[in-house]
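Between the sequences and the hints, there should be enough to build the whole structure, so can you do that?
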Amino acid sequence: MSDHYIRKEDAPLLPPPSSVAGPVHWIRENLFSGWFNSIMTLLAIYVLVVTVPGLVEYLFINAVWDSVDGKACRPAAGGGPNPADWSGACWSFAKAKFGFFMYGFYPDALRWRVDLTGVIGAVGLVLLLIETIPHKRWTAVFMLFVYPVIAYILLSGGMFNLEYVETNRWGGILVTLVVAITGIVVSLPLGILLALGRRSKMPAMRFASVLFIEIWRGVPLITVLFMASVMLPLFLPEGVHFDKLLRCLIGVALFSTAYMAEVVRGGLQAIVRGQYEGAQALGLSYWKTMGLIILPQALKLVIPGIVNTFIGLFKDTTLVLIVGILDLLGTVQTGLTDAKWFSPNTATSAYIFTAAIFWAFCFAMSRYSIYMENKLHTGHKR
Amino acid sequence: MKKLMVTAALGAVMGLAAGAASAGTIEDVKAKGFVQCGVSQGLPGFSNPDDKGNWTGLDVDVCRAVAAAVFGDASKVKYTPLSAKERFTALQSGEIDMLSRNTTWTATRDTALGLNFAGVNYYDGQGFMVRKSLGVSSALELSGAAVCTNTGTTTELNVADYFRSHKMPYEIVAFEKSDEVVQAYNAGRCDVYTTDASGLYAQRLKLTKPDEHIVLPEIISKEPLGPVVRQGDDQWFNLVKWSLFAMVNAEEMGVTSANVDEMKKSTNPAIRRLLGVEGKFGENMGVSNDWAFNIVKQVGNYGEAFDRNVGPKTPLGIARGVNALWSKGGIQYAPPIR
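Protein sequence lines, in the order shown, are assigned to chains A and B. Here the first sequence is numbered in my numbering, starting from -9 and rising by one per residue. Here the second sequence is numbered in my numbering, starting from 2 and rising by one per residue.
Hints are all accurate, no fakes.
No more than 20 Å apart at the CA atoms, straight line, and that leaves these computed lysine to aspartate or glutamate pairs for DMTMM-like:
| no. | chain 1 | residue 1 | chain 2 | residue 2 |
| --- | --- | --- | --- | --- |
| 1 | B | K33 | B | D234 |
| 2 | A | K61 | B | D212 |
| 3 | B | K178 | B | D192 |
| 4 | B | K223 | B | D111 |
| 5 | B | K77 | A | D98 |
| 6 | B | K281 | B | D262 |
| 7 | A | K61 | B | D51 |
| 8 | A | K61 | A | D75 |
| 9 | B | K53 | A | D98 |
| 10 | B | K79 | B | D29 |
| 11 | A | K330 | A | D56 |
| 12 | B | K86 | A | D233 |
| 13 | B | K53 | A | D56 |
| 14 | A | K61 | B | D52 |
| 15 | B | K53 | A | E156 |
| 16 | B | K77 | A | E156 |
| 17 | B | K86 | B | D111 |
| 18 | B | K33 | A | D233 |
| 19 | A | K330 | B | E181 |
| 20 | B | K31 | B | E96 |
| 21 | B | K79 | A | D233 |
| 22 | B | K77 | A | E153 |
| 23 | B | K53 | A | D59 |
| 24 | B | K178 | A | D306 |
| 25 | B | K168 | B | E142 |
| 26 | B | K133 | A | D75 |
| 27 | B | K314 | A | D59 |
| 28 | A | K85 | B | D51 |
| 29 | B | K79 | B | E28 |
| 30 | A | K85 | A | D98 |
| 31 | B | K79 | A | E153 |
| 32 | A | K61 | B | E213 |
| 33 | A | K61 | B | D180 |
| 34 | B | K265 | B | E279 |
| 35 | B | K33 | A | E156 |
| 36 | A | K330 | B | D180 |
| 37 | B | K53 | A | D105 |
| 38 | B | K77 | B | E28 |
FYI, nobody ran anything at the bench for these hints, they're computed from the structure.
Laid out in structure tokens, this is it:
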């Protein structure tokens, strides 16, 4: 009986068969789960194989990273060092003009003021957006009321011994950010007020809000900018000049306010009647009802819509280009007119560079909105 | 004009330039301390910012010459980049003092729009570029061609005029930006690329195989480009006009930025008058008598400005052609200073 075999330890754990786990399984499950998906996968692989090597070659391997002018990016027939069928990105162009793309014509010696404004803004934004940092209320007050004043004084000067820099010398990312941030900061509170106004029971209030929203929303942004920059000076008495950038800022802000109002109104309509009645039963005033009960729920619902409007606004800032204000895209296009840098590849790589910057900003906004949605999801999420 | 800062209700602040019922542009300019000059949003060689963001170009040099005449300091210019649509409004509304933005002198602009052209700093015209493989040597052989050009410019109209008057069928392929036009031509979407002759040679550098293209000899339009001022301010008009003439005269007399100091000692009466050693020509215009000396010293004569910005040694590589002095076979001609 002693030759009974008694196993003393557990059988070794075998990995699951490759048909239900592991990379092979994953590939089967996700890439080749049917004839249609298999074809799509093969097609996608084919597209990648065809495009990626060329793209990598253009963007990195063949790219010119360092040169003093566009000659290095030209083929031999144009006076450059490259063979006839060569093509590669001309990053040295973006590198040489980087200061111009950042600040436009802002005087070299005074650019620290722009940097300082940016740093203060960035620090304020970080304090505001990261939820574990306390004293939100004071930061918010600072960012909404004190910071614009500081930014205005620093950027345009003309007081406290700071040299005055006219706005037509601003440019590049500076202008893009000024227009976008002003639009964003003005449009959200004004949009909320207009949305409330449109749902108000007071006829005059409702009428005024509807009128504002429908007029501004019914006009293309280009028309607004043209009116602001070309027509307005003709209406004003002789010798009176509004600053052109300011005219566009107001135009862009009011325009996005109208859109924002409709987004917020969408949120307000999604709040069930019981919420209003509950607030009334508690004896809350109109503003308390809105501020404590309705808006927190409504705004949370429309975060995607709000961020959508913000992103749209950010990209629409490039339209100020047509009225002669040089935003990022404007400075890039102006930079492209420098004959020194002419080459078959300069324009393409400059636009890729611009697109990358715009994408980075928009992607950051989008990620933050997803983070906010996840943080605030209470009840509604399925 | 005095800068008043007015705080508006929204907390936005606007620069309100309250002009005292315009005393004349020259007084305004002197009072504010700079010339506000309207330029393009970037045209190679004429007005475009360099790597550091400083404006350079042939048109920019006219602005600088005017500043040198008024202040004795060519750097006292502020530039307003303007789109083609905005440029005249900006001038009419007083937002800028002068417009130096490759603007073609036409009858409508000179009369109906209330503007004055202070001269011509570049005689341009529209030209054609084609592929060598097309085997074409004259624009008259372009019957049935697809023509790439910019939308909404006089170039498009000129092409229509030219092809219609020669009874040749054609097809327009138009784009908004020059870069798009060049790309389309490069990709073979059209047979002919047309734009101002001043731009043709430079645009060729953007092609992948520049040696496979040629510029045809025909110039199909007249585009005299020059600085523009508002009508009704003759003193300012005179100053801009003579700033340009001074540059041309200086070239004719052989006065350059390098030798202008020595030339002051010249015995040639014409040079002495130009440089303000004799006569009171500056005072008559409301500026100092060494106005032209300052222009030549700081900006250079017309030939220097041409060579520096668009000449054969620049990427644009434009030969003087019709823009040579009248004495050298061109049509650049300035009335004498006397």
